[in-house]
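Chains as they are written, first to last, in my numbering: chain A, 80 to 233; chain B, 80 to 233; chain C, 80 to 233.
Rather than coming from a laboratory, the hints here were simulated on the basis of the structure. Warning: the hint list may mix true and false statements.
One copy or any two copies: either way a pair holds, since identical chains are not told apart in the list.
The calculated lysine-lysine pairs, modelled on DSSO-like cross-linking and capped at a C-alpha distance of 30 angstroms, are [claimed, not checked]:
(1) K138 x K118
(2) K138 x K228
(3) K118 x K137
(4) K228 x K137
Please read these numbers as outputs of a predicted model, since none were measured by experiment.
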Amino acid sequence: MSEMFSSEVFLAYSTYSTIVLLKMLLMGPLTGYFRVKRKAFVSAEDAWAHGATDEESKKQLMRTDPYVERVRRCHRNDLENIIPFVSIGLLYALSGPDLSTAVMHFRIFAASRIFHSIAYLVPLPQPSRGLSWMVGLGVTFSMVYGVLKAGVHL
Amino acid sequence: MSEMFSSEVFLAYSTYSTIVLLKMLLMGPLTGYFRVKRKAFVSAEDAWAHGATDEESKKQLMRTDPYVERVRRCHRNDLENIIPFVSIGLLYALSGPDLSTAVMHFRIFAASRIFHSIAYLVPLPQPSRGLSWMVGLGVTFSMVYGVLKAGVHL
Amino acid sequence: MSEMFSSEVFLAYSTYSTIVLLKMLLMGPLTGYFRVKRKAFVSAEDAWAHGATDEESKKQLMRTDPYVERVRRCHRNDLENIIPFVSIGLLYALSGPDLSTAVMHFRIFAASRIFHSIAYLVPLPQPSRGLSWMVGLGVTFSMVYGVLKAGVHL
Numbered sequence: 080m081s082e083m084f085s086s087e088v089f090l091a092y093s094t095y096s097t098i099v100l101l102k103m104l105l106m107g108p109l110t111g112y113f114r115v116k117r118k119a120f121v122s123a124e125d126a127w128a129h130g131a132t133d134e135e136s137k138k139q140l141m142r143t144d145p146y147v148e149r150v151r152r153c154h155r156n157d158l159e160n161i162i163p164f165v166s167i168g169l170l171y172a173l174s175g176p177d178l179s180t181a182v183m184h185f186r187i188f189a190a191s192r193i194f195h196s197i198a199y200l201v202p203l204p205q206p207s208r209g210l211s212w213m214v215g216l217g218v219t220f221s222m223v224y225g226v227l228k229a230g231v232h233l
Numbered sequence: 080m081s082e083m084f085s086s087e088v089f090l091a092y093s094t095y096s097t098i099v100l101l102k103m104l105l106m107g108p109l110t111g112y113f114r115v116k117r118k119a120f121v122s123a124e125d126a127w128a129h130g131a132t133d134e135e136s137k138k139q140l141m142r143t144d145p146y147v148e149r150v151r152r153c154h155r156n157d158l159e160n161i162i163p164f165v166s167i168g169l170l171y172a173l174s175g176p177d178l179s180t181a182v183m184h185f186r187i188f189a190a191s192r193i194f195h196s197i198a199y200l201v202p203l204p205q206p207s208r209g210l211s212w213m214v215g216l217g218v219t220f221s222m223v224y225g226v227l228k229a230g231v232h233l
Numbered sequence: 080m081s082e083m084f085s086s087e088v089f090l091a092y093s094t095y096s097t098i099v100l101l102k103m104l105l106m107g108p109l110t111g112y113f114r115v116k117r118k119a120f121v122s123a124e125d126a127w128a129h130g131a132t133d134e135e136s137k138k139q140l141m142r143t144d145p146y147v148e149r150v151r152r153c154h155r156n157d158l159e160n161i162i163p164f165v166s167i168g169l170l171y172a173l174s175g176p177d178l179s180t181a182v183m184h185f186r187i188f189a190a191s192r193i194f195h196s197i198a199y200l201v202p203l204p205q206p207s208r209g210l211s212w213m214v215g216l217g218v219t220f221s222m223v224y225g226v227l228k229a230g231v232h233l
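Put together the whole structure using the sequences plus the hints.
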């Protein structure tokens, strides 16, 4: 095993990155679940595989469902926020942060993103979703500061 | 060169990550190719650069083409699946897996994603695309298990 | 601190990756800013939080604004190009490139992506946006070549 896994900070980074990436990955099956449940497909071959028998019934199955679109927006927001966290988090974990500070960053980010998904999917009234998004963004910005403070080469 | 590149597992991770990221990157030019070929643009400046001479012809060039949208869905699916593979794969490669097990994970993932793109772009009848997507997802989940098994710090 | 941060190439990778990821992250707040300014929302709870008082006014606030869509396309293009740069750049930085060559790659990529955003958001007439996109893609392809040249394990 790499010596990296013997560093507690790196181990914490590995654990929380995996948790948020796993959360993000689950949005894919969730989209599929609601596409099938709501009978709202976007590709013709999907309509044929889920009940279409002729051109008419195919057309009825190829439609946009508001809740499917909501799940997809939640998924896209994850892509926009979780992936930068994972990339910057790696640099941050290698930049030698204090263990408790680093773990606090990772915990707040993971909690904010899980709450963000709940707020998006229920949906909860604003500003729940907006605030959880800002908290996650704030954690990432704080890690950006940590990375740049550790060293810069322009 | 970093000592990481002297690890066979890391070298395999590097090779297969690069292959799938390269496959994903090619979706960009492919979208551009079909936008030009099908004369289906979304930004006004693109319409002006590709044949629009007045407001009327510009409006005709700014339209949604079903095949361009298909290429874009394929691209987005790559973003949703290939990037988590690359992020989790890095942790997995550093967690000390057996070389042959790791290479098997990487090979199956790369094959499943290449087949996924073919199934999306031809398109092949379902469940070809659905199954190849699930195989790739299964590989990533298996790597998540490997990473968490190697060590957790909550 | 990890010994990685004592490598100049890795430090340059860290600096430029952080810069382009930060640029990408700012697209999120920019989208939110224009959604509020243009009163163009996509989720009902956002419309209620920004002035809707009844079903009628809610419907008027839930609409697609061309400039908001432009910002979102710019953001998506960042996801498609900046994230692969960051992933491949890490492997490239670890593959032992010449410092000045590596820094040149990173600088050209960062400049091309910043110019790409300006060209998208002003917008500038084509081919400004197209060329800046191609330059960034070219840098990434060049790093792919560097990674594979450093070692392959299939």
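Hints, one by one, checked against the model:
1. K138 x K118: The answer is both: 11 angstroms in one copy and 25 angstroms across copies each meet 30 angstroms.
2. K138 x K228: Intra 56 angstroms, inter 47 angstroms, cutoff 30 angstroms: neither.
3. K118 x K137: Both ways: K118 and K137 sit 10 angstroms apart in one copy and 26 angstroms across, limit 30 angstroms.
4. K228 x K137: neither (57 angstroms within a copy, 45 angstroms between copies)
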